[in-house]
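Undergrad: So the chains spell out like this:
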Amino acid sequence: MLSRTANHLYWMARYIERAENMARILDVTSNMALVPNAALSEAALWQPALEISGNAEAFQERFSDFTASNVIHFLAMDPENPSSIYSALHSARENARAVRVAMTSETWENINALWLEFSQFDGKDLAVDGLREFCDWVKARSHLFRGVSFGTMLRDDAFQFLRLGTFIERADNTARLLDVKYHLLLPKEEEVGGGVDYYEWSAVLRSVSAFQAYQKVFNDTIQPWRVAELLVLRKDMPRSLHACFTEITAILENLTTGRHVECRRIAGEINASLQYGRMDHIFQNGLHEFLTEFIECNNQLGAEIQNSFLNIHAA
Amino acid sequence: MSSQARTYFDEMHSGPAGVRDLYANYANWLRNVPAAQLESKRQEAELLFRRVGITFNVYGENAGTERLIPFDVIPRLLAAKEWDVLSKGAIQRVRALNMFLHDIYHDREIIKAGLVSENILTHSQYRPEMFDVDVPGGIYAHIAGIDIVRTGENQFYVLEDNLRTPSGVSYMLEDRKMMMRLFPELFRRYSIAPVEHYPQVLKNNLRAVAQSGVKDPTVVLLTPGAYNSAYFEHAFLAQQMGVELVEGQDLFVRGNAVYMRTTEGPKRVDVIYRRLDDEYIDPLAFNPDSMLGVPGLFSVYRNGGVTLANAVGTGVADDKSTYIRVPDMIKFYLGETPILSNVPTYELSKKDDLAYVLDNLPELVVKEVQGSGGYGMLVGPTASKQEITDFRDRILADPSNYIAQPTLALSTCPTLVEQGIAPRHVDLRPFVLSGETVTLVPGALCRVAMREGSLVVNSSQGGGTKDTWVLQEKSPQEVSEIETALKDEVAVC
Chain A
0 MLSRTANHLY
10 WMARYIERAE
20 NMARILDVTS
30 NMALVPNAAL
40 SEAALWQPAL
50 EISGNAEAFQ
60 ERFSDFTASN
70 VIHFLAMDPE
80 NPSSIYSALH
90 SARENARAVR
100 VAMTSETWEN
110 INALWLEFSQ
120 FDGKDLAVDG
130 LREFCDWVKA
140 RSHLFRGVSF
150 GTMLRDDAFQ
160 FLRLGTFIER
170 ADNTARLLDV
180 KYHLLLPKEE
190 EVGGGVDYYE
200 WSAVLRSVSA
210 FQAYQKVFND
220 TIQPWRVAEL
230 LVLRKDMPRS
240 LHACFTEITA
250 ILENLTTGRH
260 VECRRIAGEI
270 NASLQYGRMD
280 HIFQNGLHEF
290 LTEFIECNNQ
300 LGAEIQNSFL
310 NIHAA
Chain B
0 MSSQARTYFD
10 EMHSGPAGVR
20 DLYANYANWL
30 RNVPAAQLES
40 KRQEAELLFR
50 RVGITFNVYG
60 ENAGTERLIP
70 FDVIPRLLAA
80 KEWDVLSKGA
90 IQRVRALNMF
100 LHDIYHDREI
110 IKAGLVSENI
120 LTHSQYRPEM
130 FDVDVPGGIY
140 AHIAGIDIVR
150 TGENQFYVLE
160 DNLRTPSGVS
170 YMLEDRKMMM
180 RLFPELFRRY
190 SIAPVEHYPQ
200 VLKNNLRAVA
210 QSGVKDPTVV
220 LLTPGAYNSA
230 YFEHAFLAQQ
240 MGVELVEGQD
250 LFVRGNAVYM
260 RTTEGPKRVD
270 VIYRRLDDEY
280 IDPLAFNPDS
290 MLGVPGLFSV
300 YRNGGVTLAN
310 AVGTGVADDK
320 STYIRVPDMI
330 KFYLGETPIL
340 SNVPTYELSK
350 KDDLAYVLDN
360 LPELVVKEVQ
370 GSGGYGMLVG
380 PTASKQEITD
390 FRDRILADPS
400 NYIAQPTLAL
410 STCPTLVEQG
420 IAPRHVDLRP
430 FVLSGETVTL
440 VPGALCRVAM
450 REGSLVVNSS
460 QGGGTKDTWV
470 LQEKSPQEVS
480 EIETALKDEV
490 AVC
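Protein sequences appear in the order of chains A and B. Once you know that position 111 of the first sequence is 110 in numbering that gives the first Met the number 0, the rest is easy, because the numbers rise by one and skip nothing. Once you know that position 355 of the second sequence is 354 in numbering that gives the first Met the number 0, the rest is easy, because the numbers rise by one and skip nothing.
Watch out, some of these pointers could steer you wrong.
Claimed, not checked - One-sided and incomplete, this derived list gives chain B residues near chain A with beta-carbon spacing under 8 angstroms: (1) 245; (2) 383; (3) 384; (4) 385.
To be verified - To give a feel for the contact side, a few chain A residues facing chain B, derived at Cβ under 8 angstroms: (5) 82; (6) 100; (7) 111; (8) 149; (9) 153; (10) 156; (11) 285.
Calculated directly from the structure, the hints in this document are not laboratory data. The beta carbon of each residue, even a glycine, is placed where N, CA and C say it ideally should be.
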C-alpha cells in the first residue's frame, strides 16, 4: 500500500487512542477530586495530569495556576495545545479525511460523525458542567472506532497499520501514567508497598479500566507493586505494556514476512523483556528507570516504523 | 426582477394548471405529499451528506471550510427519446473533439482546410510539447462533461464542453443513492435507468488505454489533496473503482517509468487518472512552483511510459473560442450534421461583434474565453448598472479575451426552497467516457440555481444539484399493476 496512506492510518489511530487516554486521565482525576482528601491541594491533584501527558511546561507558559478549570480547558478543549483532546481528535479526522478511501466507509463516517458531534461540547466550560459526560463520550467514540474498524475492515496492511498505531500509542500512555502516578503516590521515605491511599491506587486502576481485573486476578487489597505488575507484565490485561507488545510484534511479523527490518528486531527485544521479565527484578533496578527506558525504546520503535514503512521520501 | 418578464420553459408544467405527460405520475405523487414531509426528507438528506462528508471547499473562504452543495429532493425527468438525442449528440461531439485534438497535435488538417485559424497554435492552452506525441487509442478526452441547457420543448443547446478535469459525477451518483434511500416507492413506480455502473465503465476504459503490452495495468487517481474543492469526488471515484488515490508526493519517476511509494517498496503505475490541471502535473515541464505534481512525469508520458487521462493539452479544445468551431469539426471529421446546437456566440475579437455586444450588454452574457466555474462573467439582465460599466472597461482592455451569448431562457424545474416549491433554472452535465468505445451512462449531473431568477448554476456560486431520471417507458398495464401493488402495500401498513 501507499506509504502515505499507511502513515495517515497509523497516525489516525494513534490520535484517537491519545484522545481516549487523555479522557481517562481527566476522568479519574476529577473523580479523585470528589474524595475528601485534605492532603491534596487543587494544584497537587491536577498537576500530575499535565505531567503524564508531558505538558507541564507548555501549560506554565500560558497559565499561572494549576486550577481544575485551567488544566481541564488546556487538556481537553484547547486548540493551541497540540496534545489536547480537541487537537488529537481534529488530527485524527484530518488524517482520516486524507485517506478516506483506504478504510471502509463505515469507519470513515464514524470518524467524521465524531468530529461533527464534537461541536456540541464547543464553548462549554467543562470544569463546571459535564467533564464526566465529555470523557465518557470520548471513550465511547474511541471504543466505537475500534469496533467499527475491527468489525468491517479487510485484514490487509491498512488494517495492520491502523492497529499498530493504536498499540504504540497505548503502550506509551500506560507507561507514562504508571510512571507519574507511582512517583507521586509513594511518599519519598517509604519503601515500595508502604501505606498508600487505597482510593488513589484504585483511581490509577480505573483509569485503565483495570479495577475489576485487579480484583479478579489478585483477589487482594490493592498493593502498588501488584498494580505495576498488572499494567506492565500481565499479557491478559489489554492495556498493559506486555499486551500491547504482543500485538505489536504480531503485527510487525505480518507486515514484514520474509524481510529483515530493524523495527521488528526492536519490538522483539522489548517484547522479550516484558515476556520474561520479573517484577521483583524490575523493582530492584527501579520501576522509574525501567519505565523511562521503556518509553524511550517505544519511541525509538515508533521512529523505526516511520523509517521502514511510512517515510515517503525514502524511495 | 427584470427576468420575470420573460417566459421560461417549465420542465414539469405545460401551463398554469397543466402537467406534461412525462411528469404526470410524479406530479400526482407530489401533490399528495405534505410539504412538511418533503422538508423533513430534505433535512434527512442534508444530515446524511454531512455525515458521509460529501462536502466541497470554496476557494477564498477560510481555509478548511467545508460546505454542502444544496441537494434538491425533486428530480429532473427526461424521457427516453429525449435522452436518446442528447446522448447521441454528446457522443458525436466528443468523437469530433478527440479527432480535433489528435489533428491539432499532428497534421493540422483543419487549419489547412481553413476552418480553424492558426492562431490556435499560440493559444495558452495549446501545448507545443505534445506535437507528434501519440497517445494510446488516439484518445485525449477520456472523460468529458458536456454542459447542456434547454430553452423549449425540443430546444437543447450545448453551453460548453469540459475536457480538462470535469467534475461533478460523484454528485450524479450520490444524488441517485440518496433518492433511492429517501423515496424507494418512486423507484418502483417508475422505471428509472440506472447510473451506478459509471465507475466500472470508467475503470475499464482507463485500463484499456494503458500502453500496449501491459498485462494487468495499474491505474491510480492523482488528486491535488484533501484541501482541493473536489477532493470528495476524487476519493469517491478512487474508492468506487478500487484504485489508489495518490498525491504527487506518492509518485516518482525512475528511468522511463512512474512508480508509487508503497510500504513494500516502489510499484509501477501504468495509467494516471489525474485531477490536476496540465500546469501542475510536472514542475520540470510546466509551472516550476507546483508542489502538487511529479518531477519528470511529463517526459515519461511523452515517451509512452505512462498514460495520462485526460491527455495533456485538451484545454485548447474546451476553450470558448474553440467551442464556436465544434459544429464545423463535426462536419469536417465525421461528415455528419451536428445533432446538438451551439448557443449563438459573438466573438469580441471581431469588430462587428464587439460593437453589437457593447451596445447590448444588458441583454447578454459575457464570459472570459478561458474562464471556468462561473468566475469572471457578466450576466447582463441581472447585473447592476455599475457592474455593467465596470465590465465594459474590462472588455475594452482586452476584447479578444471575451465572448458573448444571448441570455438563454434556461428551463426551470420545480425545486424545494424556503418558500415551498418554486421554479428554478437548471442545466445538465452528462459525462461522456471514451475508451475502446465512446459511451455515457443514462444520467447526468443536474445543477440548479437555488436563488430566485438566477441563471448561474455553478456550485461555487451557490448552485445546487438534483437527481436526473432518464425514464424508460413502461406499458400502461405495467403502470397499473405497480399502482395496485403500491396501494396494497399501503393497506397492509
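Undergrad: Checking hints one by one. Is residue 384(B) an interface residue toward chain A, by the C-beta closer than 8 angstroms rule?
TA: 43 angstroms, violated
Undergrad: Taking the least C-beta to C-beta distance, is residue 149(A) closer than 8 angstroms to chain B?
TA: 20 angstroms, violated
Undergrad: Hint residue 385(B) vs chain A: min CB-CB distance below 8 angstroms?
TA: Because about 40 angstroms separates residue 385(B) from the closest Cβ in chain A, which is outside the 8 angstroms limit, the hint is violated.
Undergrad: Using 8 angstroms as the Cβ threshold, decide whether residue 383(B) counts as touching chain A.
TA: At about 38 angstroms, which exceeds the 8 angstroms cut-off, the nearest Cβ of chain A leaves the hint on residue 383(B) violated.
Undergrad: Double-check residue 82(A) for me: the hint is only fine if its C-beta lies closer than 8 angstroms to a C-beta in chain B.
TA: With a minimum Cβ separation of about 20 angstroms from chain B (threshold 8 angstroms), the hint on residue 82(A) is violated.
Undergrad: Any CB of chain A closer than 8 angstroms to the CB of residue 245(B)?
TA: Given a least distance of 6 angstroms, the restraint on residue 245(B) holds.
Undergrad: Does the interface hint hold: is residue 111(A) within less than 8 angstroms of chain B, judged Cβ to Cβ?
TA: Residue 111(A) check passes; min Cβ-Cβ to chain B is 5 angstroms, inside 8 angstroms.
Undergrad: Taking the closest Cβ pair, is residue 156(A) under 8 angstroms from chain B?
TA: 6 angstroms, holds
Undergrad: Should the interface hint for residue 153(A) be scored as holding, given a Cβ-Cβ cut-off of 8 angstroms against chain B?
TA: 12 angstroms, violated
Undergrad: Tell me if residue 285(A) is really an interface residue toward chain B, meaning its C-beta lies closer than 8 angstroms to one of theirs.
TA: 38 angstroms, violated
Undergrad: Answer holds if the nearest beta-carbon of chain B is closer than 8 angstroms to that of residue 100(A); otherwise answer violated.
TA: 4 angstroms, holds
The earlier numbered hints that this structure contradicts are 2, 3, 4, 5, 8, 9, 11.
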